[in-house]
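Number of protein chains: 2
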Amino acid sequence: MALVVQKYGGSSLGTVEKIQEVARKVLSRQRSGDDVVVVASAMQGETDRLIGLAVGITDVPELREYDSMISTGEQVSTALLAIAVQAQGGKARSLLAHQIPIRTDCAFKDARIEEIGTERIRSLLDQGYVIFVAGFQGADCDGNVTTLGRGGSDTTAVAVAAALKADVCEIYSDVDGIYTTDPRVEERARRLDKVSYEEVLEMSSLGAKVLQIRAVEMAMKHNVPVLCLSTFGPPTGTLVTKGDKEMEQIVVSGVALDRNECKITICRVPDRPGVAAAIFHPLSEANISVDMIIQNVSEAGYTDISFTVRKEDLARAKKISARTAKELRSDRIVTDDKISKVSVVGLGMRSHAGVAAKMFNTLAAGNINIQMISTSEIKVSCVVDQKFGELAVRLLHEAFGLDKPPEISRAAGKKRAAKSKK
Amino acid sequence: MALVVQKYGGSSLGTVEKIQEVARKVLSRQRSGDDVVVVASAMQGETDRLIGLAVGITDVPELREYDSMISTGEQVSTALLAIAVQAQGGKARSLLAHQIPIRTDCAFKDARIEEIGTERIRSLLDQGYVIFVAGFQGADCDGNVTTLGRGGSDTTAVAVAAALKADVCEIYSDVDGIYTTDPRVEERARRLDKVSYEEVLEMSSLGAKVLQIRAVEMAMKHNVPVLCLSTFGPPTGTLVTKGDKEMEQIVVSGVALDRNECKITICRVPDRPGVAAAIFHPLSEANISVDMIIQNVSEAGYTDISFTVRKEDLARAKKISARTAKELRSDRIVTDDKISKVSVVGLGMRSHAGVAAKMFNTLAAGNINIQMISTSEIKVSCVVDQKFGELAVRLLHEAFGLDKPPEISRAAGKKRAAKSKK
Chain Y
1 MALVVQKYGG
11 SSLGTVEKIQ
21 EVARKVLSRQ
31 RSGDDVVVVA
41 SAMQGETDRL
51 IGLAVGITDV
61 PELREYDSMI
71 STGEQVSTAL
81 LAIAVQAQGG
91 KARSLLAHQI
101 PIRTDCAFKD
111 ARIEEIGTER
121 IRSLLDQGYV
131 IFVAGFQGAD
141 CDGNVTTLGR
151 GGSDTTAVAV
161 AAALKADVCE
171 IYSDVDGIYT
181 TDPRVEERAR
191 RLDKVSYEEV
201 LEMSSLGAKV
211 LQIRAVEMAM
221 KHNVPVLCLS
231 TFGPPTGTLV
241 TKGDKEMEQI
251 VVSGVALDRN
261 ECKITICRVP
271 DRPGVAAAIF
281 HPLSEANISV
291 DMIIQNVSEA
301 GYTDISFTVR
311 KEDLARAKKI
321 SARTAKELRS
331 DRIVTDDKIS
341 KVSVVGLGMR
351 SHAGVAAKMF
361 NTLAAGNINI
371 QMISTSEIKV
381 SCVVDQKFGE
391 LAVRLLHEAF
401 GLDKPPEISR
411 AAGKKRAAKS
421 KK
Chain W
1 MALVVQKYGG
11 SSLGTVEKIQ
21 EVARKVLSRQ
31 RSGDDVVVVA
41 SAMQGETDRL
51 IGLAVGITDV
61 PELREYDSMI
71 STGEQVSTAL
81 LAIAVQAQGG
91 KARSLLAHQI
101 PIRTDCAFKD
111 ARIEEIGTER
121 IRSLLDQGYV
131 IFVAGFQGAD
141 CDGNVTTLGR
151 GGSDTTAVAV
161 AAALKADVCE
171 IYSDVDGIYT
181 TDPRVEERAR
191 RLDKVSYEEV
201 LEMSSLGAKV
211 LQIRAVEMAM
221 KHNVPVLCLS
231 TFGPPTGTLV
241 TKGDKEMEQI
251 VVSGVALDRN
261 ECKITICRVP
271 DRPGVAAAIF
281 HPLSEANISV
291 DMIIQNVSEA
301 GYTDISFTVR
311 KEDLARAKKI
321 SARTAKELRS
331 DRIVTDDKIS
341 KVSVVGLGMR
351 SHAGVAAKMF
361 NTLAAGNINI
371 QMISTSEIKV
381 SCVVDQKFGE
391 LAVRLLHEAF
401 GLDKPPEISR
411 AAGKKRAAKS
421 KK
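Chains as they are written, first to last, in this note's numbering: chain Y, 1 to 422; chain W, 1 to 422.
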């Protein structure tokens with residue numbers, strides 16, 4: 001008998017019929033002998049409907065009230081799920097954040113979970129109930145409703161799984177797992193059976209959007225195995241877990257494409273201490289998240305500094321940077337929103353040389369010019385012209401043998417490793 | 001400076017525009033110097049939408065889950081109202097039942113308020129906030145969400161007003177007050193400036209549906225003056241308050257028509273102790289509410305017993321009564337759903353003789369046969385054939401001078417009183 005935390009996204013709960021089908025799945029899982037706690041998102045479209053109401057009044061709603069309002073979608077879907085299980089002859093109970101409690105700080109709209117009570121859930125599980133927990137919401141120390149940021153139900157699920165020391169956290173959606181790359185870009189993309197937290201983190205931040213980043217961070221911190229699978233498809237998916245020896249034998253796990261960044265270059269700034277701080281401090285103050293930062297080698301005391309920001313932040317970032325450029329007596333600021341970032345990710349890179357070189361060679365063979373490069377322990381990213389982004393993904397996917405099943409790829413990895421030792 | 005509790009119904013909150021208009025009204029009231037606490041219903045149609053979702057799953061949803069779900073409409077509307085006030089430059093805060101708290105028993109779907117905390121509301125009022133309280137909902141001692149029955153926001157408003165010892169509880173809706181009778185039946189119906197709790201109770205239970213009965217009972221118990229008025233109309237309405245000398249000089253305040261009852265007669269039952277109990281105990285066990293009960297004089301040890309029930313309960317009541325009739329060896333059970341109940345209501349009746357006689361004379365003059373009669377201290381009700389119901393209302397409205405403004409009517413009352421003393 002296992003303790004399972006499941007999470008169902010809005011697209012799995014779009015209609016009363018889908019809610020009944022999810023209830024059947026959940027109940028049959030419980031009847032097979034497992035304790036089941038389910039975290040539910042709002043029914044598809046509901047959160048957007050609520051946001052629309054608030055935005056009909058003002059673009060800048062006070063966040064406490066906003067949270068109280070947009071958290072109601074999960075209250076409805078969990079109660080409906082409980083009603084559906086009961087109608088099917090099961091015992092079920094829905095719980096809101098303040099009833100558990102899921103205690104957060106009071107950073108409305110983006111609250112952090114501080115503590116989760118387990119007593120009420122455990123007692124209900126002992127009495128044979130299926131528990132439906134309203135995702136996305138929390139309660140601060142004054143009992144105010146908070147929310148965890150868009151997609152926060154993933155975080156709720158992992159946090160509840162961690163608090164209960166569940167055997168697994170299953171994330172159900174309309175996607176059956178995590179792929180070597182976006183199947184819409186490369187049809188030979190292959191579903192990974194197993195992938196490490198670190199790799200998913202690199203893929204998420206690169207736009208793969210498989211799981212909310214905070215949920216993965218929390219799963220990694222508390223070592224919660226997360227299984228991503230399809231709600232209405234077969235029971236196979238991708239297990240996100242701690243990296244192990246076996247996984248490290250696979251050099252590259254995936255290729256990610258991010259079309260949502262753009263590049264700002266401040267030209268000819270003085271090459272002296274404090275310049276980077278002068279540029280990036282005002283951006284951080286404005287809550288603009290900067291991804292890649294490149295500083296070229298200095299030339300006669302001057303240098304160019306390039307960085308990337310999200311497209312939605314470009315206008316503000318440009319305005320702020322122009323002010324800084326003026327202060328630094330830079331002669332020019334250049335922006336480019338026609339770029340794509342292509343990354344290869346893999347735990348195995350840590351111990352395998354030559355991944356970056358192979359990536360650069362592959363792009364060069366495809367006649368794709370590289371504009372910026374950044375690397376981490378398990379990732380190499382290149383910024384290229386937007387029109388070559390998808391081509392770059394397909395070339396790299398093939399070059400790293402990602403379309404082949406893992407056994408072969410692993411063997412190839414071993415061979416490469418053996419070669420590189422020679 | 002007064003402390004005012006206002007309540008806005010769903011039709012006053014049907015759109016974002018209406019919510020903004022209500023917010024403007026509330027804010028201008030606060031800026032005129034009053035402390036304002038507002039109880040809000042769900043946006044029009046929302047509660048029905050939610051009920052539809054539950055009913056799409058089962059006709060008998062578990063009530064704890066049902067309450068958790070259908071209470072969300074008020075959570076949305078109060079937050080939107082607070083956002084609207086903030087957008088207009090005011091300070092506002094929405095509060096849910098568990099945050100105040102509004103503590104109830106755990107009779108889901110029909111919970112009773114046990115206690116209301118005032119500390120948080122008072123502290124926010126002192127800081128200059130307008131408070132929006134989610135109507136209709138409560139929290140039981142385990143923190144479960146409860147609801148107070150359909151239309152329960154009236155009850156929330158009066159209970160909050162009582163707890164805060166507010167100067168007045170204003171109930172805003174699309175009706176501008178309480179009328180001498182239904183204006184759709186008698187166009188000369190006149191709005192009452194003032195009416196007693198007792199009279200409204202008699203009118204409510206007779207189907208006038210001006211205010212939820214429980215709200216009126218609570219207002220009477222705690223002596224909360226309730227002003228019923230129109231949200232988007234002029235600021236005049238009907239004050240519901242403790243009966244006073246002046247009000248008692250008006251003999252009859254209104255005429256009520258109830259089309260929703262039907263009559264059951266159990267014929268020839270033994271006229272001995274215990275028979276009434278045998279008939280009505282099983283009905284009460286089945287939660288069927290019986291209104292009028294008439295037992296005719298006995299004849300050779302047998303009698304007929306007639307009573308009225310709501311139309312929706314007729315089928316069940318008939319089945320149960322048939323069983324009882326068999327046990328009592330009655331030879332027949334007769335039902336009639338083509339009846340109307342017409343009632344005249346007035347505090348002044350207590351001390352003025354002849355109201356019943358005048359009513360019977362008026363109906364006789366109109367050639368309307370009376371099938372059943374029941375009386376209370378401030379009400380006389382007659383059951384008549386359904387097709388004469390509206391005619392009876394018009395005749396009585398005229399006979400008791402209800403179309404004339406109260407000054408004249410009061411004078412007439414005095415004259416009648418003087419006459420009856422002769």
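Hints may be right or wrong, so weigh each one.
Derived list of chain W stretches under chain Y, where covered just means 3 residues or more per stretch with a C-beta under 8 Å from a C-beta of chain Y [to be verified]: (1) 73-79; (2) 96-109; (3) 275-281; (4) 338-349; (5) 387-399.
Derived by calculation from the structure, the hints in this document are not laboratory data. Heads up, the beta-carbon is just placed ideally off N, CA and C, and yes, glycines get one too.
Hints and how they fare:
| no. | hint | verdict |
| --- | --- | --- |
| 1 | 73-79 | holds (count 4) |
| 2 | 96-109 | holds (count 3) |
| 3 | 275-281 | violated (count 0) |
| 4 | 338-349 | violated (count 0) |
| 5 | 387-399 | violated (count 0) |
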